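Engineer: With the sequences and hints as input, model every part of the structure.
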Amino acid sequence: MELEPGTPVFLEELVARPPQYIGRTVRATGTLHSYSPKTDRAALVDGQSLLLIDTKLLGVHQYHIGQTYQLIGVVVASAQEDHEELPKDLLEDVRYSLDIVLQARVVREVDGLDMAIYRKSVVLLRAFLQDETKTAITNPV
Amino acid sequence: MNLDNTPCTRPPEDWGLDPLFWVSAKLFIGDLHLAIPSDLNSVYFIGNQHIVRSVEIVGIVVSVSTRSLKLTEYHVDDGTGIILCAEFTTPEEKSDPETRYSYPLGETVLIEGRLSDFRDERQIIIRSIKSIDPNQETLGWLERLALRDHLASSFI
Numbered sequence: 001m002e003l004e005p006g007t008p009v010f011l012e013e014l015v016a017r018p019p020q021y022i023g024r025t026v027r028a029t030g031t032l033h034s035y036s037p038k039t040d041r042a043a044l045v046d047g048q049s050l051l052l053i054d055t056k057l058l059g060v061h062q063y064h065i066g067q068t069y070q071l072i073g074v075v076v077a078s079a080q081e082d083h084e085e086l087p088k089d090l091l092e093d094v095r096y097s098l099d100i101v102l103q104a105r106v107v108r109e110v111d112g113l114d115m116a117i118y119r120k121s122v123v124l125l126r127a128f129l130q131d132e133t134k135t136a137i138t139n140p141v
Numbered sequence: 001m002n003l004d005n006t007p008c009t010r011p012p013e014d015w016g017l018d019p020l021f022w023v024s025a026k027l028f029i030g031d032l033h034l035a036i037p038s039d040l041n042s043v044y045f046i047g048n049q050h051i052v053r054s055v056e057i058v059g060i061v062v063s064v065s066t067r068s069l070k071l072t073e074y075h076v077d078d079g080t081g082i083i084l085c086a087e088f089t090t091p092e093e094k095s096d097p098e099t100r101y102s103y104p105l106g107e108t109v110l111i112e113g114r115l116s117d118f119r120d121e122r123q124i125i126i127r128s129i130k131s132i133d134p135n136q137e138t139l140g141w142l143e144r145l146a147l148r149d150h151l152a153s154s155f156i
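Those sequence lines, one after another, are chains A and B.
For the first sequence, the tail end lands on 141 under UniProt numbering, and the numbers increase by one without skipping.
For the second sequence, the tail end lands on 156 under UniProt numbering, and the numbers increase by one without skipping.
Some hints here could point you the wrong way.
Stated by the list, open to error - Pair by pair, the computed Cβ-Cβ distance ranges are:
1. 24/A with 33/B: 15 to 21 Å
2. 77/A with 36/B: 46 to 52 Å
3. 95/B with 117/A: 42 to 48 Å
As the list claims (entries may be wrong) - One-sided excerpt, in silico: chain A residues whose CB lies under 7 Å from chain B:
4. 3
5. 19
6. 108
7. 110
8. 113
9. 114
10. 115
11. 116
12. 118
13. 121
14. 123
15. 125
16. 127
17. 128
Stated by the list, open to error - Using 27 Å as the maximum straight-line C-alpha spacing, the simulated BS3-like pairs for lysine-lysine come out as follows:
18. 70/B with 130/B
19. 38/A with 56/A
20. 130/B with 26/B
21. 70/B with 94/B
22. 120/A with 70/B
23. 120/A with 26/B
Calculated directly from the structure, the hints in this document are not laboratory data.
Note that this is a predicted model, so its numbers are computed, not measured.
In this text, a Cβ means the ideal position worked out from N, Cα and C, and glycines have one as well.
Structural biologist: In structure tokens:
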């Protein structure tokens, strides 16, 4: 099976540099702000950042507004109709990107996840893996 | 994910001197794929001449297959890699498929089992699997980061 692992990312990173993530499999965490079963689109919010989610591949799933979810999927370029799905009540208060949508294939509820520790762990994990990559490049076997 | 994996230079009868030989090593899935197989079945070298047979991983179930009556196949993603985990059905589950339980997509699980290669694919033969809290997955990452320092030093 040719699945790629979902690299943990933060929503602010996705909306800050969207073209960098297109085609990549990521794991995004945030609070569900809105969901439209008609168009299979959801809006995920984390702090001051918002990401549009394509939930078509997730099948039948009960979503609860305000709960924290973690989704794994591929970042794809958004279509014109996706722009209509952005929640109008939030647009002035959050940063978002019109260029990307997360095509989710796995979802899990993570209510109770300590986001502060989770963020620190992701940063530690990245720093460690980056250091190892640099070591491999500078000290090739 | 470079651990500079090195095969152990000591003879197999000395491998039991490495504590990792006897425990389920807590490793990232990315590291499991890079472990070097030894000549012995289901024994791998990782880090600085460490020997592992049994491993423990934490991650999210991203694929479930129950097509076979004999086993349930999960693909688990921990953010560093994805690995196939195979759970053999018990005789009771074979005789009564209604009692067979499989973890759903998106479930966070802790899996302990034997590392092996089958048809050129690295996999874990599940010994135990259980659902865990998302915070335990975060704790799992931190434990594995802390334990990687140990892998860089040799047990010899």
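Engineer: Against each hint, give a clear statement of whether it holds in the structure.
Structural biologist: Cross-check of the supplied hints:
1. The hinted range of 15 to 21 Å is satisfied by residue 24/A and residue 33/B, whose Cβ atoms lie roughly 19 Å apart.
2. Look at residue 77/A against residue 36/B: about 40 Å separates their beta carbons, and that is not inside 46 to 52 Å.
3. A C-beta distance of roughly 45 Å is found between residue 95/B and residue 117/A, which places it inside the suggested range of 42 to 48 Å.
4. For residue 3/A, the shortest C-beta to C-beta distance to chain B is roughly 5 Å, which falls under 7 Å, so the interface hint holds.
5. For residue 19/A, the suggested interface contact is broken, since its CB lies about 22 Å from the closest CB of chain B, more than 7 Å.
6. Hint on residue 108/A holds. Least Cβ distance to chain B is approximately 4 Å, under the 7 Å limit.
7. For the restraint placing residue 110/A at the interface with chain B, the shortest Cβ-Cβ distance is roughly 4 Å, inside the 7 Å limit, so the hint holds.
8. Annotation: interface hint on residue 113/A holds; nearest CB of chain B at approximately 4 Å, less than 7 Å.
9. Against a cut-off of 7 Å between C-beta atoms, the interface hint on residue 114/A holds, since the closest Cβ of chain B lies about 6 Å away.
10. Evaluation of the residue 115/A hint against chain B yields a violated restraint, the C-beta minimum of about 10 Å exceeding 7 Å.
11. For residue 116/A, the suggested interface contact is broken, since its CB lies about 10 Å from the closest CB of chain B, more than 7 Å.
12. Because the beta carbon of residue 118/A sits about 5 Å from the nearest beta carbon in chain B, less than 7 Å, this interface hint is met.
13. Given the 7 Å rule on beta carbons, the hint for residue 121/A holds: about 5 Å separates it from the nearest Cβ of chain B.
14. Because the beta carbon of residue 123/A sits about 11 Å from the nearest beta carbon in chain B, more than 7 Å, this interface hint is broken.
15. Annotation: residue 125/A was flagged as interfacial toward chain B, and the flag holds, the nearest CB pair being 6 Å apart, inside 7 Å.
16. Among the interface hints, the one on residue 127/A is violated; its C-beta lies about 10 Å from the nearest C-beta in chain B, farther than the 7 Å criterion.
17. About 6 Å separates the beta-carbon of residue 128/A from the nearest beta-carbon of chain B, less than 7 Å, and the hint is met.
18. A hinted pair counts as satisfied when its Cα atoms are at most 27 Å apart, and residue 70/B with residue 130/B qualifies at roughly 19 Å.
19. For the hint linking residue 38/A to residue 56/A, the alpha-carbon distance of about 10 Å falls within 27 Å, and the restraint holds.
20. Simply put, residue 130/B and residue 26/B have alpha-carbon atoms about 15 Å apart, close enough for the 27 Å limit, and the pair holds.
21. Simply put, residue 70/B and residue 94/B have alpha-carbon atoms about 7 Å apart, close enough for the 27 Å limit, and the pair holds.
22. Between residue 120/A and residue 70/B, the direct Cα distance comes to roughly 41 Å. Violation of the 27 Å bound is thereby established for this hinted pair.
23. Between the alpha carbons of residue 120/A and residue 26/B the distance comes to roughly 20 Å, so the proposed pair stays at or under 27 Å and holds.
In the structure shown, a violation is registered for the earlier hints numbered 2, 5, 10, 11, 14, 16 and 22, in ascending order.
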